[in-house]
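These are the residues of each chain, in order.
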Amino acid sequence: MKRSWLPVITTLGVILFLFAPLVVLVVNSFNASRFGGEWEGFTLNWYEKLWAAGEVWESLWITLKIAVSASLAAMVLGTLAAYSLHRYRSGLQNVHHMLITLPLVMPDILMGMSLLALFVLSGVETGLLTIWIAHVTFCLSFVTMAVLGRLQDFDFTLLDAARDLGASQAKAVKKVLLPLLLPGVLAGGLLAFTLSIDDYVITFFVSGPGTTTLPLRVASMMKTSRSLPMINALSTLLIASTFLFAACSSRLQRRA
Amino acid sequence: MDDFLVIDHVSKSFGAQRAVDDVSLTVGKGEAFSLLGPSGCGKTTLLRMIAGFERPDRGRILVGGQDITALPPELRPVNTVFQNYALFPHLSVWENIAFGLRMSRRPREEIRSGVDRMLELVRLSEHARKRPGQLSGGQRQRVAIARALVNRPQVLLLDEPLAALDLKLRQHMLMELNTIHEQVGTTFIYVTHDQGEAMSLSDRIAVMNAGKVEQVDTPEHLYEMPRTSFVATFIGDANFFTGIAVELQHEGYVRVLIEGLGSPLVLSNGELSANQKLRLMVRPEKISLTLKRPPSGERVNAFSGIVEDMAYFGSHTRYRIRAGEHSILAQLQRSRFSGGEIDPARGSEVWMSFHPDEARVVRLEA
Chain A
1 MKRSWLPVIT
11 TLGVILFLFA
21 PLVVLVVNSF
31 NASRFGGEWE
41 GFTLNWYEKL
51 WAAGEVWESL
61 WITLKIAVSA
71 SLAAMVLGTL
81 AAYSLHRYRS
91 GLQNVHHMLI
101 TLPLVMPDIL
111 MGMSLLALFV
121 LSGVETGLLT
131 IWIAHVTFCL
141 SFVTMAVLGR
151 LQDFDFTLLD
161 AARDLGASQA
171 KAVKKVLLPL
181 LLPGVLAGGL
191 LAFTLSIDDY
201 VITFFVSGPG
211 TTTLPLRVAS
221 MMKTSRSLPM
231 INALSTLLIA
241 STFLFAACSS
251 RLQRRA
Chain B
257 MDDFLVIDHV
267 SKSFGAQRAV
277 DDVSLTVGKG
287 EAFSLLGPSG
297 CGKTTLLRMI
307 AGFERPDRGR
317 ILVGGQDITA
327 LPPELRPVNT
337 VFQNYALFPH
347 LSVWENIAFG
357 LRMSRRPREE
367 IRSGVDRMLE
377 LVRLSEHARK
387 RPGQLSGGQR
397 QRVAIARALV
407 NRPQVLLLDE
417 PLAALDLKLR
427 QHMLMELNTI
437 HEQVGTTFIY
447 VTHDQGEAMS
457 LSDRIAVMNA
467 GKVEQVDTPE
477 HLYEMPRTSF
487 VATFIGDANF
497 FTGIAVELQH
507 EGYVRVLIEG
517 LGSPLVLSNG
527 ELSANQKLRL
537 MVRPEKISLT
547 LKRPPSGERV
557 NAFSGIVEDM
567 AYFGSHTRYR
577 IRAGEHSILA
587 QLQRSRFSGG
597 EIDPARGSEV
607 WMSFHPDEAR
617 VVRLEA
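Going line by line, the protein sequences match chains A and B. Counted the way the working numbering counts, the first sequence spans residues 1 to 256. Counted the way the working numbering counts, the second sequence spans residues 257 to 622.
No lab work stands behind these hints: they were computed from the structure. Predicted model, so just to flag it, every value in this text is computed and none were measured. All C-beta atoms in this analysis are idealised placements derived from N, C-alpha and C, irrespective of residue type, glycine included. It is possible that some hints are incorrect.
To be verified - Okay, the calculated beta carbon distance ranges per label pair:
id, chain 1, residue 1, chain 2, residue 2, range
1, A, Gly-123, B, Arg-362, 54 to 64 Å
2, A, Gln-169, B, Arg-362, 18 to 28 Å
3, A, Leu-99, B, Leu-331, 50 to 60 Å
4, B, Arg-274, A, Gln-169, 25 to 35 Å
5, B, Pro-363, A, Ala-170, 44 to 54 Å
6, B, Ser-583, A, Asn-94, 45 to 55 Å
7, A, Gln-169, B, Asp-313, 19 to 29 Å
8, B, Ala-326, A, Arg-89, 20 to 30 Å
9, B, Arg-368, A, Asn-94, 42 to 52 Å
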């Protein structure tokens, strides 16, 4: 049989396309050259500078706080929303469905502007709380969609069966419905977390003084060539932690 | 038979639809009882009311003297085997069976021994660690039965227990269900639309139609002595004739004039008056076919007709015979044809005859 090289070539092409920019970034973070145009020797200088840049770490901390709390809130609200959307039928249900999918299709810039207008109008000072509200708003849609997909396959006679076997309504939900929805809830939550962590546009509108999230910080650092190599170093660390996170979770899944 | 499960004038409507209409039934302890009827006859609604998933609009349901009408499903001494089994896909076979015992907070040791005993009963001990998704249809069915029975319910409800299985497995599970019922001695209530299943599984059957119970009886009585034409057609095949009682004889025999056919003598099982309009039912296999006219006598009803159609089924042959405006179904065992060497062919004249005791008078419906 003749072996075709096409799949191998395609794979190599995709890898090159996806990872070449990352490689350039990682290499440059160790490059003594400030602009990264040519290799001027190995250095850990940028990492030292990054380590000393307290405002970057503060931004990372703010971002993580918001991402974790917003995705947790979205997981709870999204699961409830999905359950009610799936379970109850009324004339308003189509409207509810549309409302919850709206943030998925609405341009970020529109959402950011309208949220800001609302906050200004209602006299809420922009800051951590407004960012959190904005993030929960768009994260909610993603969790709801993921859980709705899971509910589509859920056989509601399972709840009858649990009741029949002596479980109260609350117990049936806890022992049967939630465990079976959990993969959807977690998938939606993870998606929400990643979207929250790198959201720029919406956060730009609703953030206030002292609440510069990491994406906002990186964008502002881009403006000065002095800190450009520091971004490379920061990105390299983020890439490393992403891979570490993925490796850990896949190992955990295998053990379970 | 003591009245263990009592359904007392129970009604249930969904909107304008009367799903169950004033049904009263009693089932004895340890009995295997079937609710039989076509889809939409109310049998599933009745089952769901016994299980506690629906609340009756009127009437009461009692188990062992206790009124359970207002109890939620989790507090009823009743367990259900669902039609699609409704096994918990995220739990192992063992955990599925243990679910009910865990909910009632039994001691660990009792749960272990109870589940193991059930696994043995349904012969699935070696599959205890598997998930339901890894089992065959028949195995899932047995897990569902074990999961219900482990709670020692006073009544076990089985909703179309064999509907999801293929034909061969169905025959096997039929025998198995009878064995399990014999071993545990619990009251079994089957819901089924399949008359063959109901006949071979139950001590007694309630035939339901349009929310009402038409007849409650043993399988033999339902087949041999149906009281309504619905029961007669739902359980087996039947020929119906409408006629007028023209001559009442002693010992319940009555001569019936059937227009276009003749005036056969039949045994009636109820009170009749002369000139009353009535309906006769004769099972196809009770009709004998001969090529020559059978010897006439007081106890033989014979009519001639033309063979319109026939179908060969191996163990028997069915004939559709035209006699005037009547089209009559007759079914013969191969060896029972006694009119000569040759079988009646399409278009040939044959004689049909039946004994007076083989015909039934059924209720005349409006």
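Now the hints, each set against the structure:
Hint check: Gly-123(A) to Arg-362(B), Cβ distance near 59 Å, so the stated range 54 to 64 Å holds. Between Gln-169(A) and Arg-362(B) the C-beta distance comes to about 21 Å, which sits within the given range of 18 to 28 Å. Range check, Leu-99(A) to Leu-331(B): Cβ separation about 40 Å, and the 50 to 60 Å hint is violated. Between Arg-274(B) and Gln-169(A) the C-beta distance comes to about 28 Å, which sits within the given range of 25 to 35 Å.
In this structure the hint that Pro-363(B) and Ala-170(A) lie 44 to 54 Å apart at CB is violated, the actual value being about 23 Å. Between Ser-583(B) and Asn-94(A) the beta carbon distance is about 54 Å. The supplied range of 45 to 55 Å therefore holds. A hinted range of 19 to 29 Å for the beta carbons of Gln-169(A) and Asp-313(B) is consistent with their spacing of about 22 Å. As the Cβ distance of Ala-326(B) to Arg-89(A) is approximately 27 Å, the hint placing it in 20 to 30 Å holds.
Range check, Arg-368(B) to Asn-94(A): Cβ separation about 51 Å, and the 42 to 52 Å hint holds.
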